[in-house]
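Peer 1: What follows is the residue order along each chain.
Number of protein chains: 2
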Amino acid sequence: MTAHRPPAASATRPARITMQDVARAAQVSQTAVSLVLNQRAGANIPPETRARIQAVAAQLGYRPNAMARALRQGNSSLLGLVTDEIATTPFAGDIVRGAQQAAWQQGRILTLVNTDHQSALEQEALSALLQHQIEAYLLASMAHRSLQLPALLRGHPVVLVNASSDDPTLPSVVPDELRGGREATEHLLALGHRRIGLIDNLDDSVAATLRVTGYQQALRQAGLAVDPTLMVKLSGWQEAGFAGALALLQQPRRPSALFCLNDRAAMGALDAARELGLRVPEQLSIIGFDNQELIAAHLRPRLTTMQLPHYEMGAWGVRALLCPEPDGVRQARLHCPLVRRESVQPPGPDFG
Amino acid sequence: MTAHRPPAASATRPARITMQDVARAAQVSQTAVSLVLNQRAGANIPPETRARIQAVAAQLGYRPNAMARALRQGNSSLLGLVTDEIATTPFAGDIVRGAQQAAWQQGRILTLVNTDHQSALEQEALSALLQHQIEAYLLASMAHRSLQLPALLRGHPVVLVNASSDDPTLPSVVPDELRGGREATEHLLALGHRRIGLIDNLDDSVAATLRVTGYQQALRQAGLAVDPTLMVKLSGWQEAGFAGALALLQQPRRPSALFCLNDRAAMGALDAARELGLRVPEQLSIIGFDNQELIAAHLRPRLTTMQLPHYEMGAWGVRALLCPEPDGVRQARLHCPLVRRESVQPPGPDFG
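Note that the protein sequences, when read in sequence, are chains A and B.
Note that numbering that gives the first Met the number 0 gives residue 39 to position 40 of the first sequence, counting from 1, and the numbers run on in steps of one.
Note that numbering that gives the first Met the number 0 gives residue 130 to position 131 of the second sequence, counting from 1, and the numbers run on in steps of one.
Worth flagging that the hints you see were computed from the coordinates, not collected in a lab.
There's no promise every hint is true.
Claimed, not checked - According to the in silico footprint, chain B covers these stretches of chain A (three or more CB under 8 Å from chain B):
| id | stretch |
| --- | --- |
| 1 | 16-24 |
| 2 | 98-108 |
Stated by the list, open to error - Simulated DEER-style distance windows between Cβ atoms:
| id | chain 1 | residue 1 | chain 2 | residue 2 | range |
| --- | --- | --- | --- | --- | --- |
| 3 | A | Leu-190 | B | Gly-191 | 46 to 56 Å |
| 4 | B | Ser-204 | A | Arg-339 | 24 to 34 Å |
| 5 | A | Arg-339 | B | Ala-189 | 40 to 50 Å |
Fair warning: this is a prediction, and the values are worked out from it, not measured in the lab.
For each residue, glycine too, the CB sits at the ideal point set by N, CA and C.
Generate coordinates for the entire structure from the input sequences, incorporating the hints supplied.
Peer 2: Right, dumping it as C-alpha cells:
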C-alpha cells in the first residue's frame with residue numbers, strides 16, 4: 000500500500016531533479032544525500048551508502064551544485080524581492096522559486112521583504128534594504144494589479160512581477176489572463192459544450208475582469224450569445240463555488256460545463272455536483288484556473304485547469320532586471336497553458 | 000447571493016484589523032484607505048470618502064501605523080530569516096507572518112532568504128547576507144526537523160524555528176507534536192470513540208513519529224490496546240488519505256473515527272467516505288492535523304483539526320532573538336490547540 004508522492008513541479012516545466020528525489024530513490028535521508036553530493040568532509044556515511052547515493056544521482060541526472068558554482072563566480076550580491084503580502088497560496092511561492100532560480104544562475108542571492116500592503120512599512124523596508132546596499136529590485140504583487148513605483152526606488156533597477164504600471168519606462172510581467180479565459184472556454188467549446196456556466200468569485204480584480212472578457216470573446220467567436228443567466232458572481236472561496244454551482248445547476252436548462260475563475264471555486268463546484276448527484280465529468284464538466292498545487296491535482300476527479308505562469312514570471316523578472324533588453328523596456332504577458340486532467344469531457348447525451 | 004470571504008486569521012489569535020478590512024467595510028479601494036490612513040500628501044480623495052474611511056477605521060479599531068512608528072524609532076536594521084525551502088503550504092507562510100509582525104513591533108525589518116536544501120547555496124546565501132551587515136538570524140525549517148548550526152553563523156545571534164538542535168546553547172521553538180497527537184485522540188475518546196483508525200502519510204518525519212506516539216499514549220491511557228490493524232502508513236497526500244481510509248473502512252469491524260496525520264490526508268479520507276456512502280460525521284468522524292488555511296475550513300463538512308502554531312513560533316523566534324532571556328537558553332515546544340468544526344461527533348448507534 001505505497002503511493003508515490005506526486006512531484007511538486009508544475010505541468011509547464013520539466014521537473015528539476017532535487018536532493019529530495021535522490022534521497023527517495025536511494026531510500027536514504029536527505030541529509031545523507033546532501034553530505035555525499037556536497038562532498039562534506041567528516042560525514043559519517045558508510046561507503047556502500049555513499050556509492051548508492053552517487054549511482055542514483057547519476058542515474059536521475061542530478062546536477063551537483065551547478066548554481067552554487069555560478070554563485071561562487073558572482074559577487075554574492077543580493078537582489079531584493081519586495082512583495083505586498085506573504086504568499087497565502089502555494090502557487091504564489093512559485094514567483095519566489097522562479098526568481099531565485101534565475102538569480103542563482105546569474106550568481107545572485109534573492110532576499111525577500113514583505114510590506115503587508117502598508118505603505119509606511121514599505122517605506123521603512125525599502126530604506127532598510129537600501130541602507131544595506133541592496134540595489135536592484137523586483138516588486139511583486141500576490142494578486143495581479145496595477146502598481147506605482149515607490150519614490151525611494153526611483154533611479155534603481157526595478158521590474159514589476161504580477162503587476163503592471165502606467166509608467167511605460169518600467170518593465171513588467173503579468174499572466175495573460177484574457178487569453179487564459181478565452182482558451183479555457185475554447186477548450187470546452189471544442190468538445191461540444193454550448194451551455195457553459197461561469198462562476199466569478201474574484202471580486203472585480205484585474206484577473207477576474209480579463210478572464211471573464213476572455214470567456215465572452217470565446218463564446219462570441221463561436222457564434223454564441225453571452226447569457227447572463229449562466230454567469231454568477233459572488234465573494235468567497237470554495238463556499239462561493241458551491242453556492243454558485245448550486246444556483247447554476249438547479250436552473251431548468253442547466254449548463255453542461257462550468258468555468259470557475261479559480262481552483263478553489265472549482266473545488267466547491269465539485270462538492271455541489273456531488274450534492275445534486277451529478278457525476279463529473281460524465282454529466283458535468285468543470286474547468287478551473289490557477290492550477291493550485293495543494294488542490295488541483297488532488298481532487299476527485301483531478302481538475303482540468305489553466306496554469307498560472309508564476310514560476311516563469313519570477314524568472315522573467317530577474318532576467319529583465321539583470322540583462323535589460325537592448326531594444327528597450329518590455330511589458331510582457333505570459334501564457335497560462337491548459338492543464339488537461341479528468342474533470343472535462345464532451346457533454347453527455349442530455350445535451351446532444 | 001453574497002457570501003462574505005472568511006477571514007484569513009487562524010483560530011488561535013484575534014484577527015488584526017487590516018487596511019483590507021477597512022477597505023471592504025468602507026466599500027473603497029485599498030489604495031484609497033492606504034492614502035488616507037497613512038496621511039499621504041497630495042492624495043486625490045474626496046473629503047466625504049476620506050471621512051468615511053476614517054470613521055470605518057475607528058469603528059473597526061484599526062490602529063494606524065503602530066508598527067510603522069516603532070520602525071521609525073528603530074534603526075531600520077534587518078533581521079535575516081533563512082529557510083530551507085519556499086513555503087509550499089500556506090500555513091508555513093504563518094512562520095513568516097508571525098516573525099515579521101514581531102520584528103516590526105521591535106522596529107526591525109525581516110528579510111528572507113531560501114536555500115532550497117542545498118548546503119552549498121546556504122553557504123553563499125549566508126555569506127552574502129553577512130557581507131551586507133545582516134547580523135541576527137532565524138533559521139526556519141518548513142518541516143519540523145533537527146538542524147546543525149552553519150559554521151558561518153557561529154558567534155551570531157541565532158534562533159531555530161520549527162527545528163531543534165543537539166546544541167543546548169541554541170534557542171529553538173517547535174510545535175508540541177506529541178501533545179497534539181494525544182489531544183486529537185483524546186478528543187475522539189472523550190466523545191465515546193473506541194475504534195480509532197490512524198492514517199500516517201508523513202514518511203517517518205519527526206512530526207509523524209511524535210503525533211503517532213501521542214495517539215498511542217492516549218489510547219493506552221484510556222485502557223485501550225494499540226491495534227496495528229487500525230493503523231495505515233503510506234506516502235502521498237490526498238491520494239494517501241483516500242487509499243488509507245478505503246483500507247481501514249472496508250475492514251469487517253471498521254473504525255468509527257479516523258485521525259489523519261494531516262489535513263490533506265483528511266481531505267482524501269472524506270472522499271473515501273463519500274465513495275463508500277458513509278456520512279461524515281454521522282457515520283464516521285474525521286480529525287486532521289495542521290489547520291491548513293486553503294483546505295481545512297473549506298471542506299464539506301468543515302474539518303475539525305489541530306492548529307499548528309506556526310505564527311506563534313515565528314513571533315517567539317524573533318522575540319528570543321531580540322530579547323534573550325536572562326535565565327539562559329530556551330528550547331520551547333508550543334501547543335497545537337484543537338480547532339472544533341463539523342467533522343467529528345459521538346459514534347453512531349452501530350458502535351454503541
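Peer 1: Against this structure, judge whether each hint is valid.
Peer 2: Structure-based check of all given hints:
1. 16-24: holds (count 3)
2. 98-108: holds (count 3)
3. A:Leu-190 x B:Gly-191: 46 to 56 Å: holds, 50 Å
4. B:Ser-204 x A:Arg-339: 24 to 34 Å: For Ser-204 of chain B and Arg-339 of chain A the Cβ distance comes to about 33 Å; the hint holds.
5. A:Arg-339 x B:Ala-189: 40 to 50 Å: holds, 47 Å
Violated hints are absent here; each numbered hint is respected by the structure.
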